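Listed in order, the protein sequences are those of chains V and F. Under the working numbering, think of the first position of the first sequence as 1, with each following residue one higher. Under the working numbering, think of the first position of the second sequence as 402, with each following residue one higher.
No lab work stands behind these hints: they were computed from the structure. Among the hints, erroneous ones may be present.
[To be verified] Straight line, CA to CA, 20 Å or less: simulated SDA-like cross-link-like pairs of lysine to any residue:
#1 Lys617(F) / Leu451(F)
#2 Lys507(F) / Tyr60(V)
#3 Lys500(F) / Phe50(V)
#4 Lys505(F) / Asp191(V)
#5 Lys500(F) / Asp211(V)
#6 Lys424(F) / Asp211(V)
#7 Lys503(F) / Met204(V)
#8 Lys284(V) / Ala319(V)
#9 Lys202(V) / Gln249(V)
#10 Lys503(F) / Ser206(V)
#11 Lys424(F) / Ser206(V)
#12 Lys503(F) / Pro3(V)
#13 Lys507(F) / Pro201(V)
#14 Lys500(F) / Val51(V)
#15 Lys354(V) / Ser343(V)
#16 Lys229(V) / Ile470(F)
#17 Lys513(F) / Asp211(V)
#18 Lys424(F) / Arg442(F)
#19 Lys503(F) / Lys265(V)
#20 Lys617(F) / Ser406(F)
#21 Lys202(V) / Leu508(F)
#22 Lys202(V) / Lys500(F)
#23 Lys691(F) / Ser640(F)
#24 Lys685(F) / Glu623(F)
#25 Lys691(F) / Gln584(F)
#26 Lys507(F) / Asn212(V)
#27 Lys265(V) / Ala319(V)
#28 Lys293(V) / Gln384(V)
[Claimed, not checked] Facing chain F, a subset of chain V residues (Cβ under 10 Å, in silico):
#29 Pro13
#30 Pro29
#31 Ala76
#32 Ile101
#33 Pro213
#34 Tyr225
[As the list claims (entries may be wrong)] If you only want the chain V side, here are some residues facing chain F, beta carbon under 7 Å, derived:
#35 Val63
#36 Ser68
#37 Ser71
#38 Cys73
#39 Pro201
#40 Met204
Quick caveat, the model's predicted, so the values are computed rather than measured. Backbone N, C-alpha and C fix where the C-beta goes; we use that ideal spot for every residue, glycine too.
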Amino acid sequence: MKPELIKEVTYVPYSGNMAAAEAMRQINPDVVAAYPITPQTELMQFFAEFVANGLVDTEYIPVESEHSAMSACVGAAAAGSRAMTATAGPGLAYMWEVLGIASGMRLPIVMTVVNRALSAPINIHGDQSDMMGARDQGWIMLFSENAEEQYDNLIQAFKIAEDERTRLPVMVGMDGFVISHSIERVRLLPDKAVEEFVGEPKVMYSLLDVDNPITHGPVAMTDSYMEFKRQQREAMMEAYKVIREVGEQFEEAFGRKYEHIETYKTDDADYILIIIGSTAGTAKYVIDRVREKGIKVGLIKIRTYRPFPYYDVMDAIEASNCKAIGVFDRAETFGAVGGPLYSDVATAMHLRGKSYPMVSFIYGLGGRDTNVHHIEEAIDKVVQKAAGKEVPLINYLNLNE
Amino acid sequence: MAQVSASEIKVPPLKKLTNYPEKLAPGHRLCAGCGASIIIRQIYMVANALGYELIWANATGCVEVCTTIYPYTSWRSPWIHNAFENAAATISGVEAAYKALKRKGKLPTDKKVKFIALGGDGGTYDIGFQSLSGALERGHDFIYVCYDNEAYMNTGIQRSSATPKYANTTTQPVGSKSLGKEQHKKWMPEVAAAHGIPYVAQVSPSHWKDFMEKFKKALLTEGPSYINAFCVCPRGWRSKEEEGILIAKLAVETNYWPLFEVENGRWRVTYKPKNPKPVEEFLKRQGRFKHLFKPGNEGRIQELQEEINRRWEWLNKMEEMTREE
Ligand SMILES: Cc1ncc(C[n+]2csc(CCOP(=O)(O)OP(=O)(O)O)c2C)c(N)n1
Ligand code: SF4
Ligand SMILES: [Mg+2]
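Sequences and hints are given; from them, build the entire structure.
The structure is reproduced here in structure tokens:
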């Protein structure tokens, strides 16, 4: 049996990959099937070390591809076991077919996605086009700002996935390299506390129950397919509640707050930035700097991307003095306006019958640096937009033109 | 390899075998005369006789589509369909879950369970090849069964790498400038054997005793086995529904479908027709080869015969080379 390693809250200098691997060790899943790809490889190597040294009880399947990684997770989860994997960029793209099968079969699989650019040109660095490309495949999607959030989100993920109201897979994204490979302070929770929080899995319709044979994944014809999809939407709506509840339980147990969104200085803000992932951290720093000059900027960081927290976003905007919004997308949607997050925020406004001036920023593709100056530049554009000046609808940060 | 002495465990006589309850329920939509259901039922006979519960992962294809149209199922065993190309990867996950949960004491210990991945030739020779190769190499405890009807039948008779040369298919049709498929069939069981797995066999439901003996060995094997089963498809082969087993028998008697096994690296041809029939006997009952009997195409049949002879000689050489001293 898995030995107890961490007995009290411990501060460690960890990268995102180390934190994710540590969470996996503490969750101690029954099955892990994974395939290496930069920048996820290191995570998998850490976990393989745990297996090699008897620190987990996991059956580890070093599969021959990501397609097989997700396929094996589907088999393992249908068999009533806890299954986990991790991937990045092209690996997630290669899984794409099976992602929809995992959610369509309502299997509570948990996966880390170390966000990486998609080919071509091939590029190993961070951006979020991988998860954005998979956003309609029926997975619950959480994003982390830093290593500790990745750790915390993973610990919450099975409780969200396995809840009878949801029964949906969860992917947790962290920016490649910026989070996955940067060392930060992480407060690790005790093994026992994590074990207790995650709890025993709720097994439903196990494929291993030979006395009650179940057919998983039958053909659904035109007379029933749509009802299955309708139920998936229902489950996703329920997930909105479940994610919040689990976040509250986590805060109660460990004192760290998790909501669908995190707001930073939005209450009195004239300008609001909406960002997913690690760049939210840089934005907080810039916001403090520009506020010294009297420019009141606030931030909405999206943690839950699917189901999209339309009301949370709008509540935060409406509670502020918002005059204009800058939406940051670390992914392209060719042929559409803005990035995917831009469209979601526009929908959120529409739902409330509101209209705020919006500026779209495309940043960080293929690991392109987004530093303090680029965010200042973006804020400048949002301020101009609020003042009624002409600002391009789509703005690329740190692009050589 | 922890092989239980297979010779000590006997497959009961036919009368007894046919008395076991059917685990593939009738009412499925497979065509009349389809070889696939015969293969599955023969598998169940052996499993029943030896007291095994089977857990299946089925690739997309005729069997999957015809047996599980929601809300109905023909399967009285646990069964999962994931996608077309990943039956072997899926069963890897199921088998891993079984090991993990058993170790944790969460599963009954009194059950004899065997995991089966079932795919057509498309799901095996072609699109599922990588996933199969991976699962064989990793050594999961499962049996991969390919029901080889030599084309993508479910989607309308498209060629696969299992389709024999000169067969008429919808993606390499016979025409004024085409005689059908241009390449010979892939030697898939040989490829499976090249993984060095403990057991590989080629079977035909027409030779059911041989089939049962081999499936028994696969059941008793710890680790991966690969079974390649000849599967008549009256619809795709343009053959008579009632001639399925006859055609299967002719496939064996002409050496078109050699019955052989590879047990821990030892190759053995398990049936050697005394006077092998010419391949025409097999071809002439199938509309997919009709064009070969038109005047001027005699040489093509000869070409098929030569490929048959080549493989037959190769198999016999392998048998000789690996024979126990
Ligand atoms: C990824 C993917 N590609 C293609 C298909 C379409 N498709 C479904 S079944 C099938 C052919 C199956 O052929 P085979 O494995 O030989 O089984 P059979 O139908 O002959 O029983 C094809 C091409 C699919 N379902 N998924
Ligand atoms: S098309 Fe062929 S393989 Fe498919 S069900 Fe009919 S006879 Fe069987
Ligand atoms: Mg076929």
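Evaluation of the provided hints:
1. Lys617(F) / Leu451(F): holds (8 Å)
2. Lys507(F) / Tyr60(V): Holds, at roughly 18 Å.
3. Lys500(F) / Phe50(V): Judged against 20 Å, a Cα distance of about 18 Å means the pair holds.
4. Lys505(F) / Asp191(V): holds (18 Å)
5. Lys500(F) / Asp211(V): holds (18 Å)
6. Lys424(F) / Asp211(V): Roughly 13 Å separates the two Cα atoms, so the pair holds.
7. Lys503(F) / Met204(V): Satisfied, since the Cα-Cα distance of roughly 17 Å is no more than 20 Å.
8. Lys284(V) / Ala319(V): holds (19 Å)
9. Lys202(V) / Gln249(V): holds (18 Å)
10. Lys503(F) / Ser206(V): holds (14 Å)
11. Lys424(F) / Ser206(V): Distance ~19 Å between Lys424(F) and Ser206(V) Cα, so the pair holds.
12. Lys503(F) / Pro3(V): Between Lys503(F) and Pro3(V) the Cα gap is close to 19 Å, so the pair holds against 20 Å.
13. Lys507(F) / Pro201(V): Between Lys507(F) and Pro201(V) the Cα gap is close to 12 Å, so the pair holds against 20 Å.
14. Lys500(F) / Val51(V): Roughly 15 Å separates the two Cα atoms, so the pair holds.
15. Lys354(V) / Ser343(V): holds (14 Å)
16. Lys229(V) / Ile470(F): holds (17 Å)
17. Lys513(F) / Asp211(V): holds (12 Å)
18. Lys424(F) / Arg442(F): holds (8 Å)
19. Lys503(F) / Lys265(V): violated (52 Å)
20. Lys617(F) / Ser406(F): Roughly 11 Å separates the two Cα atoms, so the pair holds.
21. Lys202(V) / Leu508(F): The hint holds at about 15 Å.
22. Lys202(V) / Lys500(F): OK: Lys202(V) and Lys500(F) at ~18 Å, within 20 Å.
23. Lys691(F) / Ser640(F): Within the cut-off at roughly 11 Å; holds.
24. Lys685(F) / Glu623(F): Distance ~41 Å between Lys685(F) and Glu623(F) Cα, so the pair is violated.
25. Lys691(F) / Gln584(F): holds (18 Å)
26. Lys507(F) / Asn212(V): holds (16 Å)
27. Lys265(V) / Ala319(V): Roughly 11 Å separates the two Cα atoms, so the pair holds.
28. Lys293(V) / Gln384(V): Holds: Lys293(V) and Gln384(V) sit about 16 Å apart, inside 20 Å.
29. Pro13: violated (32 Å)
30. Pro29: holds (9 Å)
31. Ala76: holds (4 Å)
32. Ile101: holds (6 Å)
33. Pro213: holds (5 Å)
34. Tyr225: Holds - the Cβ of Tyr225(V) comes within 10 Å of chain F, reaching about 9 Å at its closest.
35. Val63: holds (6 Å)
36. Ser68: At about 4 Å, which falls below the 7 Å cut-off, the nearest Cβ of chain F leaves the hint on Ser68(V) intact, so it holds.
37. Ser71: holds (4 Å)
38. Cys73: holds (6 Å)
39. Pro201: violated (10 Å)
40. Met204: Check failed: Cβ of Met204(V) comes no nearer than 14 Å to chain F, outside 7 Å.
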